[in-house]
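Residue numbers (this note's numbering), protein chains in the order written: chain A, -6 to 104; chain B, 27 to 626.
Treat each hint with caution, since some may be false.
Said to hold, decoys possible - Here are the simulated EDC-like pairs of lysine to aspartate or glutamate, each with C-alpha atoms no more than 20 Å apart in a straight line:
#, chain 1, residue 1, chain 2, residue 2
1, A, Lys98, B, Glu380
2, B, Lys340, A, Glu25
3, B, Lys453, A, Glu69
4, A, Lys5, A, Glu28
5, B, Lys340, B, Asp568
6, A, Lys98, B, Asp568
7, B, Lys570, A, Asp15
8, A, Lys100, A, Asp15
9, B, Lys286, B, Asp568
10, B, Lys570, A, Glu28
11, B, Lys340, B, Asp324
12, B, Lys453, B, Glu292
13, B, Lys570, B, Asp319
14, B, Lys340, B, Glu293
15, A, Lys5, A, Glu63
16, A, Lys98, A, Glu69
17, B, Lys51, B, Asp333
18, B, Lys340, B, Glu292
19, B, Lys340, A, Glu21
20, B, Lys453, B, Asp390
21, B, Lys51, B, Asp63
To be verified - Listing some non-contacts, in silico: residues in chain B with all C-beta distances to chain A over 10 Å:
#, residue
22, Ser73
23, Gly154
24, Val211
25, Ile277
26, Met338
27, Arg397
28, Ala423
29, Ile490
30, Arg501
31, Cys529
32, Ala546
33, Glu549
34, Thr586
In case anyone wonders, no lab produced these hints; they're calculated from the structure. Using N, Cα and C, we set each Cβ at its ideal position, and we do this for glycine too.
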Amino acid sequence: MRSIRFGYGISKPRAIDIDSNDLRKSNEILREMPELQTCIGCGSCTASCTAGNLTQFNFRRVHTLVRRGEYMGAYEEMNKCMLCGKCRLVCPRGINTRGLAMLIKRKLGDF
Amino acid sequence: MTFFAPFTLPFIIGAAVMAAVLVAKYTLWTIHLPAEDKRLIRRNMFSAKSLAAVWEVVRESLLHVRIWRVNPMLGYMHSSLALGWFLLIAIGWIETVAYLGWGWVPLQGHVFFKYFMPVNGIAEHKAGFEFAMDLMLTVVLSGVALAWIKRMRSRLMGMRRTTRHVAFDRIALSALWFVFPLRYVAESITCAIYGGGSFLTGTTGKLLGEHLDSATLDALSEPAWWLYSIALGVFFVAMPFSRYMHIFTEIPLIFLRRYKLAPSVEEKSYDNFEVEACSRCGICIDPCQLQADLGIDDVQSVYFLRDRRYNMLKLATANNCLMCGRCQTQCPVGINLNTLRLNSRAKLRNIPNEGRYGYLAGLDRSTGEGRTGYFAGCMTTLTPRTLAAMNAIFEAAGDDVWRADSDGGVCCGRPLMLSGETAAARKMIDYNTGLFRRHGITRLVTSCPICLKVFREQYDLDGIEVLHHSEYICRMIESGRLHVDRSDELYTYHDPCELGRGCDIYDEPRRAIEAVGRLAEPEHNRRNSLCCGASLANTVIDDKQQRRIAQRMAAELEATGAGTIVTACPLCHKSIERVADCGTMDLAEVVAKNILRDKR
Ligand code: SF4
Ligand code: SF4
Ligand code: SF4
Ligand code: SF4
Chain A
-6 MRSIRFGYGI
4 SKPRAIDIDS
14 NDLRKSNEIL
24 REMPELQTCI
34 GCGSCTASCT
44 AGNLTQFNFR
54 RVHTLVRRGE
64 YMGAYEEMNK
74 CMLCGKCRLV
84 CPRGINTRGL
94 AMLIKRKLGD
104 F
Chain B
27 MTFFAPFTLP
37 FIIGAAVMAA
47 VLVAKYTLWT
57 IHLPAEDKRL
67 IRRNMFSAKS
77 LAAVWEVVRE
87 SLLHVRIWRV
97 NPMLGYMHSS
107 LALGWFLLIA
117 IGWIETVAYL
127 GWGWVPLQGH
137 VFFKYFMPVN
147 GIAEHKAGFE
157 FAMDLMLTVV
167 LSGVALAWIK
177 RMRSRLMGMR
187 RTTRHVAFDR
197 IALSALWFVF
207 PLRYVAESIT
217 CAIYGGGSFL
227 TGTTGKLLGE
237 HLDSATLDAL
247 SEPAWWLYSI
257 ALGVFFVAMP
267 FSRYMHIFTE
277 IPLIFLRRYK
287 LAPSVEEKSY
297 DNFEVEACSR
307 CGICIDPCQL
317 QADLGIDDVQ
327 SVYFLRDRRY
337 NMLKLATANN
347 CLMCGRCQTQ
357 CPVGINLNTL
367 RLNSRAKLRN
377 IPNEGRYGYL
387 AGLDRSTGEG
397 RTGYFAGCMT
407 TLTPRTLAAM
417 NAIFEAAGDD
427 VWRADSDGGV
437 CCGRPLMLSG
447 ETAAARKMID
457 YNTGLFRRHG
467 ITRLVTSCPI
477 CLKVFREQYD
487 LDGIEVLHHS
497 EYICRMIESG
507 RLHVDRSDEL
517 YTYHDPCELG
527 RGCDIYDEPR
537 RAIEAVGRLA
547 EPEHNRRNSL
557 CCGASLANTV
567 IDDKQQRRIA
577 QRMAAELEAT
587 GAGTIVTACP
597 LCHKSIERVA
607 DCGTMDLAEV
617 VAKNILRDKR
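Just chain A, with the same shape it has in the complex (with noise of 0.2 Å):
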C-alpha cells in the first residue's frame, strides 16, 4: 500500500542563516503580495494540489522555503504547477495563490 501523504509531515529543526539566505527576492514577493504573510501553513493548497496529487510537488512547501528565501530548485518546483487554481480556492486565508505561483516563477525564473 502506498503511503497516505497528508501533504505535510515533520520537518526537520532548522534555523534560518541570514549569511547564506538573500532575502531580496522574497521581500520583493512579499511586497507584491503583502498577504502571504497571513498565510498559517495549513497545507490546504498542498492537500487540493492537482499537480501534487501527481508528483512530490509541495506548493505549501515551496512558497514557506521562498519566503524564508530558500531558492534552490523552488523555479523547477513550481514550474509543476498547472495554475488550475484549487489552492485559490480552498485557501483559508483567502490567499491569492494561484497569483503567487505566478509571481514566484516571474522572479525567480533566472535562478
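Based on these hints, arrange chain B with the ligands on the given structure of chain A.
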C-alpha cells in the same frame, strides 16, 4: 481655374501625410499576415462575402447601427459625425460635378468649393445644393456639440465613464472639434461677401453682412479659411496615430473578418487591424464589473487596447481582467477583446520550457472503456456534491461511463492558457487528447465550463462529441432516458461566463431546470449575465475584491425571490455559495434530487 490658394497648403500637406501613413500601415500589416490568413483572403475575396462586407461597412462605419442599439444618444453622435461628414464630402463632390462637369478638379477644389466659386453661373440647382450642404453641416455640428458634452458630462450621454486619452488623441480631438465650427465661420463670411448659402451659413452671412462693413469682411475671409485649412491639416496628420485611425481601419477589418480571419492565441499581424479599429468609444467601460464594483478604472478593454497599441502595455494591466466577455458583447466594432488580451498575456509571459511537465508521461492510471467519458474537471473535485449527482444521473440514465479524471486527472490546460502560458498548456492538451483516444470514447462530458471551452476550441477531438453536463442532462431528459419529477420549487439560474458567452450555451441549463421546477430570471442574464468574480483569468484582484463582485451579483440572483441559486460551473458555485444567503446548487444536483427511479 487652378483651384489653388496658399491657405489650402496645410490641408494638402495634411491629406498627403495621412494618405501616405495609411497606405504604409495597411500594406505592412497585410504583407506580414501569416500565410494561412493570406490564403483565406485569396479564397474568399471574390465571393458573396465581399458584398456582405460592403453592406456591413455602410451599416457600421457610416450608420453605426450597433452603437445605436447600445445607446441611441451615442449612436446619434457617431453617425452624425460619420454620415454627416461623408455626405458633406459626397454632396460637395456632386456639386462640383454639377457646376463644372466631369473634368478633373483637384482635391482642395472640392473641399474649398465655396471659396473658389462663391458665385457660379448655374442658378437652377443652387438653392438645393446650398440647403443640403447646410443641413449636413448642421448635423455634423450637432454631433460635435454632443462630443463636447460627452467630454464634459458623460452621464448625460448615458455613460458613467468616458475614456482618457493620449497626446495624439488630444491633438486630433481638438483639431476635430474646431474643423466644423471653423468651416461654418469661413463659409458664413464668404456668404456675407458674395451672398448665397442656405438657412445656416446664408442666414449667418446676412447677419454678418449687416453688422460688418465689406472691408472688415474681406480682411476676415482669408484668415478664416486659413484656420479651417490648418484645423483640417492638423487633424489629418494626427489622425493615423490617434484613436481616429478607427475611421478607416474598421473598413478593412470588416472585410477581413468576413473572410474568416480572426485573432488566435499567438499575436499576429491581423491583430493590428482589430487593435487600431477601436474607436475608444468607451462603451466597454460600463459593463466591466472591475469598474462598477471595485472602482478599478485603468484596465478595461479600451485602455488595454490603447496601451497595447502604443507599446506601453504592462503585465499587470493585461492580467487584471476577468475575461468575462461582458465588454466584448457590447463592443460596437466587434473586436475579439478576450483573444487579444489572451495573446498579449502569451507574448508577455509565454516561456517555452521543453522539460516542463515531463512527469505527465505514463501517468494514466485509469482503467476501463466506455462510450461516454466523464471529465469532471479539477474544480469539480472541490464540489463533491456535483460529482455525486453526476454519478446518480449516469446511473439513472443507464449510461456506461468511463471516468477520465477520478484518479488523479491532469488539468485541461485552459488555466495555463488564460495566464498566457500557451506552450505549457499544449502539454496538458496533448496528454488529455491521448488519454481520451486511448480509452476509445465517442462522447466526452464535463462539468466544468472552463474545460469545455478549451476542449471545444483547442483540442483536436474529431469523432468525439464534447458536451457540457447541462447539455448532456437536458438531452437525457428530453430523450426520455432520464425521468424526473417536476416540483413547484422556484429556482434562479446564473449563467457562467465560460458557458454562456464562452460557449454559447444558454438554453439547455434552463430547459433542464424547468423540467424539475420553476425558473426566475435575474436582471442580468444570458449574454448580459454578471461574472461571479472568481474567474481564473484574473490573477490580480484579491479575495476581498472577488467577494465584493460575488456579493453584487448574488444579490441580484436573490432578488428574484428564488429559494435556490442554480449554476453550472463549480467555480461560480464556490464563489456564490460563500456570499449568498439562500442555497446554491449545481444544475446536476437539482436534477439528481428529482430523479424518478421507479419509472425506469
Ligand atoms: S492554504 Fe493558504 S494558509 Fe494554508 S498553507 Fe496554503 S497558502 Fe498558507
Ligand atoms: S494552481 Fe498549481 S499549486 Fe495550486 S492547486 Fe493547481 S497545480 Fe496546485
Ligand atoms: S473596445 Fe470596443 S467598446 Fe471598447 S472602446 Fe474600443 S470600440 Fe469601444
Ligand atoms: S472581460 Fe470583463 S473584466 Fe475584462 S475588461 Fe471586459 S468586462 Fe472587464
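Unmet hints by their number, sorted upward, for this structure: 4, 7, 9
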